[in-house]
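Asker: For the record, the sequence lines run as chains G and D.
When we follow my numbering, the leftmost residue of the first sequence carries the number 1, and every step to the right adds one.
When we follow my numbering, the leftmost residue of the second sequence carries the number 1001, and every step to the right adds one.
Worth flagging that the hints you see were computed from the coordinates, not collected in a lab.
No experiment lies behind these values; they were computed from the predicted model shown.
We treat Cβ as the ideally placed atom computed from N, Cα and C, and that holds for glycine.
Incorrect hints may appear among the rest.
Claimed, not checked - Which residues of chain D face chain G? A few of them, derived with a C-beta cut under 10 Å, are:
#	residue
1	1019
2	1098
3	1101
4	1105
5	1121
6	1131
7	1160
8	1225
9	1229
10	1238
11	1325
12	1329
13	1330
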Amino acid sequence: MITATTLKLNLGPQHPSTHGVLRLLLELDGEKILSCEPDVGYLHRGMEKMAEGMTYIQYLPTVDRIDYLAGCFYSELLCRTVEGAMGVNIPERIRAIRVTLLELNRIASHLLWIGAFLMDLGALSPFFYAMREREMILRYFEKLTGQRMMYNYFVFGGVRKDIEYLEDIEEIIKILPYKLNDYEKIITDNLIFLQRTKGKGVLEPTTALNYSITGVNLRASGVEYDLRKTDKLYEGFEFTPVVLEGKDSWARYKARILEIKESIKLIEQGVNKLKENTNFEQKHINPLNLKLPEGEYYSEIEAPRGLASIYIKSTGEDKPYRLKWRTGSYYSVNLLRKLLVGEYLNDAIAIAGSLDIILPEVDK
Amino acid sequence: MNYLYHLYMEWLSKFGIPELFGNITFYIIPFCIVAIALLIVVLALVLIERKLLGWLTQRKGPNRVGFWGVLQTIADAFKLLIKENITPDRSDKFLFNLAPILVFIPVMTVLGIIPYSSEFTFVNTSTNVILYLILVAFPILSIFLGGWASNNKYSLMGAARGIAQILSYEVPITFVVLSVIVLASSMNMTGITYAQYSRLGALGWFCFPCFIGFVIMFICVLAELNRCPFDLPEAESELICGYNTEYSGMRFALFYLSEYALLFANAMFISILFLGGYLSPFGTYLSYFIFGDTHLASAMVYFEQAFWLFLKAFLVIFVIIWIRATLPRLASFDLLKFSWAYLLPLSIFNLFLAVIIKFITGGAMCGLS
């Protein structure tokens, strides 16, 4: 008598498409997934514990490493919290600089996701195309900050130095829409791509909310929740949050493409503001004797992979008593438990890819 | 051929070498030349694919080893040669070692039954189309053996996918080949090539009366070669490297090279069935234009025929590489459904169409034969 047995498969931590070191414990029946147990922590660097032994200015350069694809967002979070605690309001020009750079960073992050997602699906070229466009942005960051990924550009009360090379940004936002059209030609209506993504990995809004999914993944499920709408930093900037009803992998792809277009609009406004307002002044906070008043501080921001937030408990020392990060991908990994069950292995890879999971951000 | 034979004999007699030696070597030398040429072509194919993929994806491709990167493949092959051959601990060691050898033999044999020019085939049997189909299905055996013997779950899944894929795509191929056989009234590749001869050159090729078959054949060959968008058995983002995950060193190189040899063989097979094989696309051979109606021209025709066949094969390979650079991979169940639900009925329809065309035109499609 033939008895069917299930196969236990360790997908990762060394696997080409787990985007780092995610380990998925899968139970397979043939290629059908019966259960999925994500195992994280292979890239744990102790970002939270580390903060307890460092002064704020010592800690600032390390926070870019939380998410190496969107470092700006995390330094913005830390700066914002410290500024809030010290009661400092950043000037208009600094605000415009920060929004411009954050959105550029968001575009770079989304572009890499598009490439990596298509790579997961087995398409080769879009990865290189996306990398080519991302390279323009990284070159600009390198020119401005001297670093391609870990910028350490935002400081408490301002930025490290005034923004330069605005014409480079204008060039980037002039080229990008054409390139996006190229992507859409080669990807969006591709029959195989549609077959692999339409109706795959359907994420119901209630499930998404129960699993604390935020960001593009949530908006692609039809829930309008974009922190930028209520964010003080984005005050005076016009944009419409991308909300799609598709709920599937395709919607998540399309939402990211549309979000890049929205980001381009934001950058345009940012550049215009920078051109009008050339008065560069910083609200200096002396980092050497910076002590946060006793209390608890919390701030949040719309990062490319969902809501990112920071919680600091200070006892009035120059070091935080306790610091906690909340990152979007961590919750997406947890969602895999539910989303992958019942799917076939190669769809599972596509679904996991569509959620935009970045492991350093999960493990912190 | 006679002219070349006389030239060769005269040249030998100048050195006083007996005629018997000439009689033997005259038939062996071309075999050696072609065997070496094929190995070079296979090595070159790897480079060509990497270069083309580079250009299609906005990169330069290999450009460091040798001028224009020409020595890259040789350097890679050498590197693989001197690497350690790792055999997994709990694998079936005999089968694990056997699989890469088994994959290479049928692939090299396949190259022997292809007519490179009208009088040059290593082994010319009357039904070598069927022989080809059998030999070309062989590598899946070693894919399965290798995948199963590796004792690796990814390899096993890759092997299982490979079997399912080949089983479903061999069937439409057979029907398409049958329709070509009907049109040509021949099961011999040389005969099929002759049947496509016409004074109008390319217009006589079977890709026109049998266009559906041509497209189906192209798709099925992609599946049979495990190439994008059907590269499921070795889907990198899912199964790491599929059936050859555990292979390293020379064993991996054998899998790798046989894949490219098979690609070249299949491209030539498509060219023979649908693109007129070694026939010139202009109706007459260019050699007659260049050298006039001389002995030299009739000798040069054989080389020209091989040139046309290789050119067509490379065009087919170019399209295959182009597809690889563009399309994502199919899902495994869509893949099987695509074959059984669309390709198989279409290929049967194509066979009916071929029979009707044959019935209407009588022997007219057969050209000279």
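Asker: Indicate, hint by hint, whether the structure satisfies it.
Answerer: Hints versus structure:
At about 57 Å, the closest approach between the beta carbon of residue 1019(D) and any beta carbon in chain G exceeds 10 Å, and the interface hint on this residue is violated. Interface restraint check: residue 1098(D) against chain G, minimum CB-CB distance 25 Å, threshold 10 Å, status violated. For residue 1101(D), the interface hint is violated, the least distance from its beta-carbon to any beta-carbon of chain G being 28 Å, above 10 Å. Because the smallest distance between the Cβ of residue 1105(D) and any Cβ of chain G comes to about 30 Å, over 10 Å, the interface hint for this residue is violated.
At about 37 Å, the closest approach between the beta carbon of residue 1121(D) and any beta carbon in chain G exceeds 10 Å, and the interface hint on this residue is violated. At about 33 Å, the closest approach between the beta carbon of residue 1131(D) and any beta carbon in chain G exceeds 10 Å, and the interface hint on this residue is violated. Satisfaction of the interface hint for residue 1160(D) is found here, the shortest Cβ-Cβ separation to chain G being roughly 8 Å, below the 10 Å cut-off. A least Cβ separation of about 15 Å between residue 1225(D) and chain G goes past the 10 Å threshold, and the interface hint is therefore violated.
Given hint, residue 1229(D) at the interface with chain G, holds; its Cβ is 6 Å from that chain's nearest Cβ, closer than 10 Å. The interface hint given for residue 1238(D) holds, since its Cβ lies 5 Å from the closest Cβ of chain G, which is under the 10 Å cut-off. With its C-beta approaching chain G no nearer than about 5 Å, residue 1325(D) sits inside the 10 Å limit, and its interface hint holds. Given hint, residue 1329(D) at the interface with chain G, holds; its Cβ is 3 Å from that chain's nearest Cβ, closer than 10 Å.
Residue-level restraint check for residue 1330(D) holds (minimum Cβ-Cβ distance to chain G is 6 Å; threshold 10 Å).
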